[in-house]
Amino acid sequence: MKDNKIEFTVNGENKIYDGDPLRRLLDVLREDYEMPGAKEGCGEGECGACSILLDGKLVNSCVVAMGTIQGKEVMTIEGLKENERGKCIVEAFADAGAVQCGFCTPGMVMASEALLRQNPKPDEQAIRKGISGNLCRCTGYDQIVDAVKMASERGDGLW
Amino acid sequence: MSHSISTTVRRKDAVAKASGVTEYLSDQFLHSPLHAKCYYSSIARGQIISRILPDLPEDYFIIGADDIPGKNNLHMIIEDWPVFADKDVRYLGQIVYLVIGPDKAKVLELHSQIKIEYKEDTPCYTLEDSMTLVGGAQHEDDNVYTRYDIHHGNIEVPFEKAHRILEKEYYTGYQEHVYMEPQSMFAYWEDDSFVLHASAQCPFYIRKSLVGALGMEPEKIRIIQSTTGGAFGGKEHFPDVLAGPLAVAVYKIRKPIKLVLDRKEDLAYSIKRHPSSVNIRTAVDKKGKILAHDIDLRLDGGAFSSCSAVVLARAVFTISNVYNFPNVKVCGRAYCTNKVPSDAFRGFGAPQAVFAIESHMNYLAYELAVNPLEFRQPYLLKQGSPTITDGVVHEKVMLPEMTKRALEMSGYKEKFEEYKNVPGKGIGFSYFLHGCGFTGNGERDLIKARIYLKKDESDQVFIYASNVEMGQGLSTTFCKVAAKSLDIPLEQVDYVGPDTSIVPDSGPTVASRSISVVGFLVQKAAERLKEEWVSGEAQSITQDYSPPEGMVEWDQDALKGDAYPAYSWGVNIVEVEVDPLTCEVDTKGIWGVYEVGVPIDRQIVEGQIIGGMVQALGYSHLEKLECVDGRFKQATMADYMIPTSMDFPSTQSDIVDNPFEYGAFGAKGAGEMVFDGAAPAFGAAVSQAVDAIIDEVPVLPETLMELTDEGQ
Chain A
54 MKDNKIEFTV NGENKIYDGD PLRRLLDVLR EDYEMPGAKE GCGEGECGAC SILLDGKLVN
114 SCVVAMGTIQ GKEVMTIEGL KENERGKCIV EAFADAGAVQ CGFCTPGMVM ASEALLRQNP
174 KPDEQAIRKG ISGNLCRCTG YDQIVDAVKM ASERGDGLW
Chain B
321 MSHSISTTVR RKDAVAKASG VTEYLSDQFL HSPLHAKCYY SSIARGQIIS RILPDLPEDY
381 FIIGADDIPG KNNLHMIIED WPVFADKDVR YLGQIVYLVI GPDKAKVLEL HSQIKIEYKE
441 DTPCYTLEDS MTLVGGAQHE DDNVYTRYDI HHGNIEVPFE KAHRILEKEY YTGYQEHVYM
501 EPQSMFAYWE DDSFVLHASA QCPFYIRKSL VGALGMEPEK IRIIQSTTGG AFGGKEHFPD
561 VLAGPLAVAV YKIRKPIKLV LDRKEDLAYS IKRHPSSVNI RTAVDKKGKI LAHDIDLRLD
621 GGAFSSCSAV VLARAVFTIS NVYNFPNVKV CGRAYCTNKV PSDAFRGFGA PQAVFAIESH
681 MNYLAYELAV NPLEFRQPYL LKQGSPTITD GVVHEKVMLP EMTKRALEMS GYKEKFEEYK
741 NVPGKGIGFS YFLHGCGFTG NGERDLIKAR IYLKKDESDQ VFIYASNVEM GQGLSTTFCK
801 VAAKSLDIPL EQVDYVGPDT SIVPDSGPTV ASRSISVVGF LVQKAAERLK EEWVSGEAQS
861 ITQDYSPPEG MVEWDQDALK GDAYPAYSWG VNIVEVEVDP LTCEVDTKGI WGVYEVGVPI
921 DRQIVEGQII GGMVQALGYS HLEKLECVDG RFKQATMADY MIPTSMDFPS TQSDIVDNPF
981 EYGAFGAKGA GEMVFDGAAP AFGAAVSQAV DAIIDEVPVL PETLMELTDE GQ
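Those protein sequences? They're chains A and B, same order as listed.
Numbering of the first sequence is given in my numbering, commencing with residue 54 and proceeding in unit increments.
Numbering of the second sequence is given in my numbering, commencing with residue 321 and proceeding in unit increments.
Possibly wrong hints are sitting among the right ones.
[What the hints assert, rightly or not] Chain B regions said to be covered by chain A (calculated; three or more residues, Cβ under 8 Å): (1) 324-332; (2) 788-796; (3) 965-972.
[Unchecked claim] Residues of chain A placed beyond 12 Å of chain B at every Cβ, according to the derived structure: (4) Asn57; (5) Phe61; (6) Pro74; (7) Leu107; (8) Asp108; (9) Ala118; (10) Thr121; (11) Lys134; (12) Asp148; (13) Asn172; (14) Glu206.
Just so you know, these hints were derived from the structure itself, not from any lab.
All C-beta atoms, glycine included, are put in the ideal place defined by N, C-alpha and C.
With the hints as constraints, model all of the structure from the sequences given.
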C-alpha cells in the first residue's frame, strides 16, 4: 500500500495523500486541507478560479488528478499571500480597484504571480495574455491589467 | 467639477477578497452533513404519468411535490412558479425532485435511478409559436403574461399624412449571466425556524417566496446573505427557485443541507436574459422629420412569469430612449414559451429596447441619406421635455456636453467619414438612458425602503439594510456616504451584511437603486445621527423612504406620469474591423461618457463602466446562446464564450457630474445603465464596416457572411 501514497508539498509543507488517485487536487485542497482560496467556478478547466501553481506553473486545480502530483510543489493563494510577492500583488489589486465580486480574484493573483515570475516587466499585451486563462465577469479586465502593471513596478526586484 | 465624495478610496472588501480570505458560501460550509442534487424534467411540456423511485438507504431522501407543507408555488411577482413539478412540466429543467444524502457519489447514483414517464405535449419554443398558441394556450387564453400599451400623442393622423413609412424589426438573443460563483445555498432548522444562507441579491424576496410554500410566518424564515460572487440579476429571483425545494427538504428532514449547482447545471437551467423582437414603423414627412412611431415590442418570457412583467415595463418605458418623439404608440407583450424562464439581467429590458430604437435611428438615417449623429440631435430630450409616459424630464440633460466629449475622445466624426471609403472598418455611436430605481410607483407603494443606522458605545457606526454587496462596491459606497455625512473616518463605519432577522427590508439589490434610492436614506439617517450624536452612547436611527417632491404622479392603470424620478445618461462609441475572409469582428476602440449624477467613488463607477461595457460587448457578438428543442446548445463555459482579457482593448471613459437632489450626494444609478449602449454602438460600427444594416445581436460571423453575400 505504501506505493499508493502520494507525497508532495503544499506551500512548502510536506503532505502525504493516500486516498483515491482520481480525486481532484481542488477538492483535496478545499475539503481535506481546508484551504478554500481556490474556488470552483466551472469544474472543467475553463475559468481559472481554482488556479494554483504546480512546480511554478499556473494550472487549474479542478483538472489535476491527485495521482499526477507525486513529488510536486503546490502553491496556493494561502501560501502566496504570505510572501512579499503575494502581498505586493494583493495590494496592487486593492489599489487598482481590480476586485469586484472577488470570486475570480485569488486565481487572478496566482496568474499574476506566474506571469511576473516569467516576465517581471510585462507590457499590456503580455499582461492580457498572461491572465487570459482566468475569466472575470465583473471588471472588464482593465483594472486587473493596471494592477499587474502596478505590482510589476512596485515590486521591482521581487521577481 | 468633481465632488470630494467621488475621490477613490480602497474598497473595504478588496484585500480580503484578493488574498483568498473571504469566504463564499461553499467555503463557509465546506463540510455539510447532507448534500442536495436537483432532479430536472427531461421534456419541455407534458404530463407526468408515472414515477419510479429507487429504494433509499438510511439518511438518503428524495423530496418532491408531495412533501410540500404549504402551497406548491413560489411567490415572486405572481404565484405561478411551482416549488416542484407535480402533474405537469412546463420546461426542460424544471425541478421535479431534490435528492439528498451524506455522500455525493451515492446521491448521484440514486439520482440516476429515478424514472419518470411523461405524456408529451407539443411545446412552444418561439415568440411566433406562443402567439399562434402552438400546443394550446398555457397562460390564460393568449399566452401573454403581461401587456403594457402606451399611447403618447396620437399616431393615426401622422401615419395618414406620412410622406414615407419606414419599418424594420430588431432581435436580441439570450444571454447567460455567468456570475463566477455558481448558485449556492445552505439551509437548516434552528429552534422553530428555517434558516437559509444564500448567495443572493434579495434576501427578502427569498423569504417572501417561501411563506406560502412552507406555510410559515415570515418571521420564522430567516435568510442570510453570504458573500456573493457576482449576480447581474441572475441571483435576483432564481435563488427563490432553489430555496423552495431546499426549504421543503429541510422542513421534512430537519438537518443541514447544502445545495450548490455545478456550472453545467447552472448554465443549462438557470434563468437568462429575455430574447426580444421589436418591430418599429415610423412615419416621416417630406423633410425626413419623424412624425410618429408605431412599436410592437415582444419579450420571450419562458415557462413562468417570474419578473417578466417588470422587465417588460422597463423595456416599454425605455423604448423612446433619449428622444422626445411627439407621437408614439407602444404595444408591449411578454409571452409564455416552454423554455427556461427569462428573468432579470443587468439592464432589465432596457438593453433590448435601446438596441431596437438606436438601430432604428441608424436605419432611418441610412434610408433618408442623412448623417446618423446629426439626424438624432433635434429629438434629444431636454429639461422639461415630456417623456413617453407623459411625465417630465426634471433634471438638466447633459447630452450635448457628453456628445462633445465622446466625439473628442474617439475622433468619431473624422473616422466616420474616413471609413465610408474603407471596407471592413466602422465606427458606431449610441445614446441611452436608464430610469433610476423601480418603475412607476414601485418605490412608493411596493418597496417602501427602510434602513437603520446604529452606533455603539465606542462610536462605531453600523449600516443595516437589505441591499447586498455582490461586487458592485456597495459595502464601500454605503460606508462612504455615511462617513461623509457624519464627518467621521471611513474606518468608523461598517456595513452589516443582510440577514432578514436583523436588517429592515430596504428592498432588493436591483435596478441600480441601492445608491440612488437606499443610499439617500443612508445619507438622511447619517445627517440625523450627526445632529443627535452623543459620544460614548449607543444610538439608532430608522429612516423610511419618502418619494421625491414635484413628480408627475404615476397612474399604474393608464401608465401615465413619471415612470422614474430621474435618469442616468450615456453615450457610447465603438470602433471595429471586420475580417473580410472570416467575418469575425475585432473591436478596436471603446469609448463611453456617462452621467450618473455624482459618482460616489470614481474608481468603483469606472469598474462598473468597464465591466458593463465588456459584458455588453460579449452580448453583442461573442455570447451565442441557442435554445433548440428546449435545451441550450451551449452547455459549458468552453462553448458559451464570455469575454477574456484578450477580446477587447481598454475602455476609455469619462463621467460628467449633474447632482440629483434625491440621490446620495447627488448620485443616480450606475450599474445597469452601463450595459445599455454597447450593443447598438457595436451594431452601428459593424453596419458601417460591412455596409449592411445590422438588426440583431449577437452579430455572428455566419450572419455577416450571409448579409454581405446577399448585399453583393
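Here is how each hint holds up against the structure:
no.: 1; hint: 324-332; in the structure: holds (count 3)
no.: 2; hint: 788-796; in the structure: holds (count 4)
no.: 3; hint: 965-972; in the structure: holds (count 5)
no.: 4; hint: Asn57; in the structure: 20 Å, holds
no.: 5; hint: Phe61; in the structure: 20 Å, holds
no.: 6; hint: Pro74; in the structure: 16 Å, holds
no.: 7; hint: Leu107; in the structure: 17 Å, holds
no.: 8; hint: Asp108; in the structure: 20 Å, holds
no.: 9; hint: Ala118; in the structure: 16 Å, holds
no.: 10; hint: Thr121; in the structure: 21 Å, holds
no.: 11; hint: Lys134; in the structure: 4 Å, violated
no.: 12; hint: Asp148; in the structure: 6 Å, violated
no.: 13; hint: Asn172; in the structure: 15 Å, holds
no.: 14; hint: Glu206; in the structure: 17 Å, holds
Hints 11, 12 from the earlier list are contradicted by this structure; the remaining hints agree with it.
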